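Kindly produce the complete structure, drawing on both the sequences and the hints.
Next come the chains, spelled out residue by residue.
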Amino acid sequence: MTAVLAALMVFTLFPFYWALVSSFTPDAALFRDPSLWPREIIFDHYRALFDERDFFTPIRNSLIVAGTTTLFCLIVGTLAAYALARLEFRGKAAIMAFILAVTMFPQISIVSPLYLLLRSLRLIDTYPGLIMPYMTFAMPLTVWVLTGSIRQIPRDLEEAAHVDGASRRQSFTKILLPLAVPSLATTGILTFIYCWNEFLFALSFTLGPERQTVPVAIALFRGQYQVPWGQILAAAVVATAPVAVMVLLFQRRIVQGLTAGAVKG
Amino acid sequence: MARIALEHVEKVYPNGYVAARDLSLEVADGELLVLVGPSGSGKSTILRLMAGLESVTGGTIRIGDRDVTDLPPQQRDIAMVFQNYALYPHMTVRENLAFGLTIRKQPVSLIDQRVLAVAMSLGLDTLLDRKPAQLSGGQRQRVALGRAIVREPLAFLFDEPLSNLDAQLRVETRVELSRLHRKLGATMVYVTHDQSEALTLGDRIAVLKEGVLQQMATPMQLYHQPANKFVAGFIGSPSMNFIEGVIHREGPGAERTFRGMDLTIDVPLRAEAPGKVFLGIRPQHLEVFGGASAGGDGTLRAEVGVVEPMGNEQIVYVTLSGGDRLVAVAPPDQQVTPGDVVSIRVRPEGIHLFDAATGARLADTTQA
Amino acid sequence: MKSESRLGWMLVAPALGVIALIAIFPLGWTFWESLHLHELRMPWLGKPFVGADNYVEIARDPRFWSALGHTAFFTFVSISLELVIGLFLALAMNRAFRGRGFVRAAVLVPWAIPTVVAALLWRFIFESQGGIANELLVSVGILDQPIVWFIKTWTAWIPVILADVWKTTPFVALLLLAGLQNIDLTLYEAAAVDGANPWWQLRHITLPLLKPAILVTLIFRTLDGFRVFDLIYVLTGGGPGTTTEPVALYTFNALLQNLRFGYGSALSVVIFSITFGIALLYVKGLGVRLAGEDR
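Chains as they are written, first to last, in the working numbering: chain F, 1 to 265; chain W, 1001 to 1368; chain C, 2001 to 2295.
Everything labelled a hint here was simulated from the structure, so no lab data went into it. One thing to keep in mind: the hints can contain errors.
If you want the footprint, here are the derived chain C segments under chain F, 3+ residues with CB under 8 angstroms [said to hold, decoys possible]: (1) 2011-2020; (2) 2027-2039; (3) 2083-2094; (4) 2099-2110; (5) 2125-2133; (6) 2225-2232; (7) 2256-2270.
No experiment lies behind these values; they were computed from the predicted model shown. For glycine and all other residues, C-beta sits at the position ideal for the given N, C-alpha and C.
Structure, rendered in structure tokens:
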């Protein structure tokens, strides 16, 4: 058991290790008698990545698009999740089923109308032109995960606040919201990761490097004569590092958020 | 302080579950009323209806002279202590206690003064800056209590507040609550499933079953004159014995006689009786004698099954020759061992009779 | 009650509005497009209504059918591997051992990084004859000589499936782990007291009780498999030729490479219908519990 687990760990970590090592290796040495241990360390790829390719731009684009989407989804999603978790009303079960169904939607099936719509609104290759489509998958995800976590907060706290004289709004802002902050953070992280990683919409609705997000920029890296592997790997390391740090820091909460929505459902 | 009145209250859930049916009861000003019943009897729901946490589907609720039927909880001016205490985990004890006053925008000086006074009286003054997670179960219970008292509400509602405490603390807190009730002179409604808690705490007790009020009376009345077979069986420990039988009358003017499988006994019943009845007798009203039957009215031959020594008494489970099983209470020093054949005497003053069809009590059977 | 209902709908409305506006409405539009001839490359043709012509073309389009075959093949193989490895991982992570926290976090990282990056890492490993994969496989003797992975169909599938297994097994393992943690531990103690060995416990306690979690995972992953795009776009580009092209990539090419919006939309509708069928299974099978969950 332990041996197999160790093998799996090697399988999991090796690609990262290899990318990291290779990102510090000169292009000429990448495919010539590769060695598991670095023989020569250079920083040229990172320098080229930011100086020549201006990798800052896709990073900024990704931050703006993923950040705005996450923020908007959290605000709108919290209201919906509160209603779905706490209020009794007709059609609630249907709404939950509907939201779940939308999370399973293939993105490709709405690329064509979104493209035509964004084109007619002149939003192709703009931030809103990415943020709007991102709502399609981010909003259901946010609502679903948040509803799951709000349900886990004991209801009698808000009831006690009511009896103590708080209105519904006060019991929401003074009791539920402070208690839901960790869930909001977890959900925010999840939504942000999904947006940061999205590829199909970003590829379809941007035209050039000005508005490309990180995944699109990396996927479309081209050199003059050959594939610039050194820079691609440096970019991969740069794109992976923040996500890896977030995952390592919030591992427990992320797992809770993911599974609260999924398995209990 | 104020009285609470429910008038023909009904609560039916959309799925058809009935939590309260045509329920009318009144809690007098300053009274401690206990709502008791098995799980599913609707007692907690009725408390939540009084609090306004659930809305009625029919009838009227009054607190004081105000019709509060359609008012949300925050406008009813009542306080509630929850089973799990429902302390706000992100606030300190001080903030928890002050919450109800803060939300009502009372002046800070008044809040501080009242919080401190209540904290002192409950022994919480050294814990004011702790969070609920840092408190013991008993301390949390007192904070929950304090949060209710600080507000000086029209009435207090308690939803099984002792069920999460260990046995010793439960008894102590019960005494504490009684004292508090007397000191504050407040109207209180207290929900529990534990009949002994109900008997010790309540000025009056309302017994509920499936959303219907069975009987509302003082502890003594409930114990000695239960209105029906359900109340008789629910109140008192160990539970009352029931023997199925019929009522006979030999001739005009003659005593009425109960005839069961094993037991035949004259009963002090004057009214006309239906045929089939249940004879109820508390274990405390059965006497156990060693050796075979001494004969005579109301004496039964029985075999001892199990004996549970309780310290101050022994609970004896016996089987009659006809197969009926009875529970009796014997003095602690009496020699009773499983397998013994013993005589059981029914003390006539302890006899209750219930209509077998409706379960209703047949009048005049005991002289309390 | 009535005011609660109104408040409920008011709070849900913005979220539902957003979803309806940018997901449901476009879906209807896709369907409408699919009934037209709409070639953005040839604007002079206009946008005539052609009824089911696009669907008829799909039915006769060998590239579509082979793309569907690739998708099904990819989905089946990768999910089978992920379930087996994921179950093993979940069982392993469910026990206490030194470094469990590290294993859990490490395993999450591949899941969290962009699929594009994952694909590039694996592309690099299998790239050219001098890549590390060739190097390692030759040095341990599995291969006689380095091969070029991406010019033959069956060797091109290997990095694709490896990359998918690498990236998604953690997610599978976590879903299954959550299921495992819902199993009452005393069941195992009872079984052990009754003399059951670990293998018996796995077969008769763990697997039956884990069935709901396995089912959920299976359906989640099937749906993901059917929309696979990023991974193959970056790793093989659908090649060599179109021999690893999945339906989502074919549709993308029809839409944004060839700008055939009518035909591409019809393809979208077909993919949606297939996915919707699978999703319906999910909601039918588990949605009942979801609705009844709240008291």
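Results of checking the hints against the structure:
no. : hint      : result
1   : 2011-2020 : holds (count 7)
2   : 2027-2039 : holds (count 4)
3   : 2083-2094 : holds (count 4)
4   : 2099-2110 : holds (count 9)
5   : 2125-2133 : holds (count 7)
6   : 2225-2232 : holds (count 4)
7   : 2256-2270 : holds (count 6)
Checked against the numbered hints above, the structure breaks none of them.
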